[in-house]
Amino acid sequence: MTQVTLTVNGKPLSAEVEPRTHLADLLRETHNLTGTHIGCEHGVCGACTILIDGVPARSCITFAVACEQAEITTIEGLDEDEIGAELREAFQKEHGLQCGYCTPGMIVAARDLVLRLQAPSEKEIRTAMSGNLCRCTGYVGIIRAIQDVIAERRARGIDAIPDGGRKALGPAGSGHAAAAESAAPRKETAAAATSKTVAAEALEVDPDWKPQTSFRQSFTVSHSPAEVWAFFGRIADVIACLPGASLTSESEDGQVTGEMRVKAGPIAAAFQGVAQVTRDEASRSGRVIGTGKDTRSKSATRGAMEYRVKPAPDGGTDVEVDVGFTLTGMLAQFGRSGLVNDVANRLTSAFVQNLEARLDYAARGGEGEAPEPAVAAELNAGALLWSVIAGRLKRLFAKLFGRG
Amino acid sequence: MKPVNFDYARPLDVDGALALLADETALVKVVAGSQSLGPMLNLRLVQPDLLVDITGVEELRSFEESGDKLTLGACITHADIEDGRLPDVTHGALPSVASGIAYRAVRNRGTVGGSLTHADPSADWVSMLAALGATVTLRGPEGARHLPVEEYMLGALEADLRPGELLVSVTVPKLGSGASWGYYKSCRKTGEFAHAIGAMLIDPERGICRAVIGATETRPLVIADAKGLIGDGDPAAFDSKAVTAALTEAGMRDPIERQTHSVALRRAVEGARGR
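As you go down the protein sequences, you meet chains A and B in turn.
Mind the numbering: the first sequence is residues 60 to 463 in my numbering, read in order.
Mind the numbering: the second sequence is residues -12 to 262 in my numbering, read in order.
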């Protein structure tokens, strides 16, 4: 627990909070200031907008501890505020509210526009209010109310203050406090938790399963199809090429268990899973189907991979891989398919580098030092792919414009 | 929708922050305005042991103008730039881009350093600052490193931070007197992350003609010498074929994506010409 001291609506407020407590929760749960509403709780809907040091901010993604000594104004604190009163009247007159859920955030955001924008057009008001969502009455009345208040104030000779009166640099709410270090007894660290192994469950294959996301990757390696095909039969070697993957067991019928660690920036997961591997010699193609669970993020994945090994036109081997997967649980909330593709690209690129090194080693008859995987620990390999692309781009521009 | 429990520390200087980052036994995350990390914490996509709040470090909340450049501390906010609380050395480029980031309530806390380190390909700063030729300064146990903004981003959500390193500042070169810039982003909804970004800097005095295509799935595509791409003074000379070819080569497979990005760059070029 950490001690936090704020000024809320002009009165001092002191409380013991967990560092994870955001401002909206502190105000609502322990100080009964329930005028601040929580909608999406991840900074999108605007219902929780309050004033921090006089400027609007999202109280659901601002931690109370980060605002030590700051001045907070909630909708309750705007009772006596001149612009607040004018806006309330205008919202009433123009039917700017219906259920009222978004209204406290709307009023706080609108007050900021009235204060800062001298003579905004309707479009400018709509753009500036776009961070506050209303799901019932719509925006027409809200926009009209704001227009009215601005027009009346300017007519009374009250000019806008473009910077809202803020002079300090840095995030609103910061810069007032002394150093702090919460001395909460540390539980098991995340680093320790992700290294735990859980027993893999038996794999059940649902014949009707269809992946949510699928993509195709292809790459070429300089070794012969026979060598590559044989290599893909050695599961342990293949796993060693995959950054973040490790094998715990391998049975004769092609069932393997292991772990896959994936890292995308601050998001880190370790999937414990089981997979079934089948191979068809005649068509030189194989299939891997598996499931995995990340206990920390309470996420699960089910995936299938099919690969085909073919001679490349210019010698060497083309490998084509189709991957399909479905993600459920916490991690699935992060639904940006483009980012998943980038991670997959980086993974493939690292895999190919490692694969080439291993094939080279096998071609030398396995003599000398076994190659260390170029990217071993976990996927964190953005630079790899980029170096490949940068090389290709340079050649392209040389071709296009006759310069290097 | 509540984050996991984490410890919190607010050091008052960079050395204090670096000391906290050196703990390898724990998952330590740096936080500034918490406008990108906050949602990820609430969604429990990120589950740190310790949050190091760097907004208490005054050095990071300041700027320095010297000679031919402006250096912004990592915790300078988008609103600081939008409102002109620091000098503009970019003929309006930085304030204009700042005013279009997310929403005002987010801009009042969201920071330049946080945006670059979060490394979302669709964010504004990585593309515009790359076009302007900005660099980042990182401090860590092995001293300071300087990197061009576009190299600091390794890929989606991945910044080039070595263990224990912290982004302390961003340095923007002053534009020449005849310089012009353009910026265009395609969003379906105001304030959302962009689907395509084009950024352009034409600075004859310093011999720079640089184009950037951003909001790809990974780091932005920087075309350091874009003269051949945009023709000389003739708006019709924009070589969309070459741009599309470059995007294909960079791995953008969807033709609609390529077209959207090519158009974003063309509009940025038009913007630069119009200034």
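It is possible that some hints are incorrect.
Claimed, not checked - Simulated crosslink set (BS3-like; lysine-lysine; CA at most 27 Å straight-line):
no.: 1; chain 1: B; residue 1: Lys176; chain 2: B; residue 2: Lys161
no.: 2; chain 1: B; residue 1: Lys214; chain 2: B; residue 2: Lys161
no.: 3; chain 1: A; residue 1: Lys357; chain 2: B; residue 2: Lys176
no.: 4; chain 1: A; residue 1: Lys226; chain 2: B; residue 2: Lys228
no.: 5; chain 1: A; residue 1: Lys182; chain 2: B; residue 2: Lys176
no.: 6; chain 1: A; residue 1: Lys322; chain 2: A; residue 2: Lys369
no.: 7; chain 1: B; residue 1: Lys(-11); chain 2: A; residue 2: Lys226
no.: 8; chain 1: B; residue 1: Lys228; chain 2: A; residue 2: Lys322
no.: 9; chain 1: A; residue 1: Lys322; chain 2: B; residue 2: Lys16
Calculated from the structure, these hints are not laboratory results.
Tested hints:
1. Among the hinted pairs, B/Lys176 with B/Lys161 is inconsistent with the structure: their alpha-carbon atoms are about 32 Å apart, more than 27 Å.
2. Using a Cα cut-off of 27 Å, the hinted pair B/Lys214 and B/Lys161 holds, with the two alpha carbons roughly 21 Å apart.
3. This hinted pair does not check out: A/Lys357 and B/Lys176 have alpha carbons roughly 31 Å apart, beyond 27 Å.
4. Using a Cα cut-off of 27 Å, the hinted pair A/Lys226 and B/Lys228 is violated, with the two alpha carbons roughly 47 Å apart.
5. A threshold of 27 Å between alpha carbons decides the hint, and for A/Lys182 with B/Lys176 the separation of about 13 Å falls inside it, so the pair holds.
6. With a C-alpha separation of about 31 Å, the suggested pair A/Lys322 and A/Lys369 falls outside the 27 Å cut-off, and the hint is violated.
7. In summary, the hint linking B/Lys(-11) to A/Lys226 is not supported, as the alpha carbons are separated by about 32 Å, beyond the 27 Å threshold.
8. Pair hint B/Lys228 plus A/Lys322 does not hold up; C-alpha atoms about 36 Å apart against a cutoff of 27 Å.
9. For the proposed pair A/Lys322 and B/Lys16, the alpha carbon gap of about 14 Å is at most 27 Å, so the pair holds.
When held up to the earlier numbered hints, the structure conflicts with 1, 3, 4, 6, 7 and 8 and fits the remainder.
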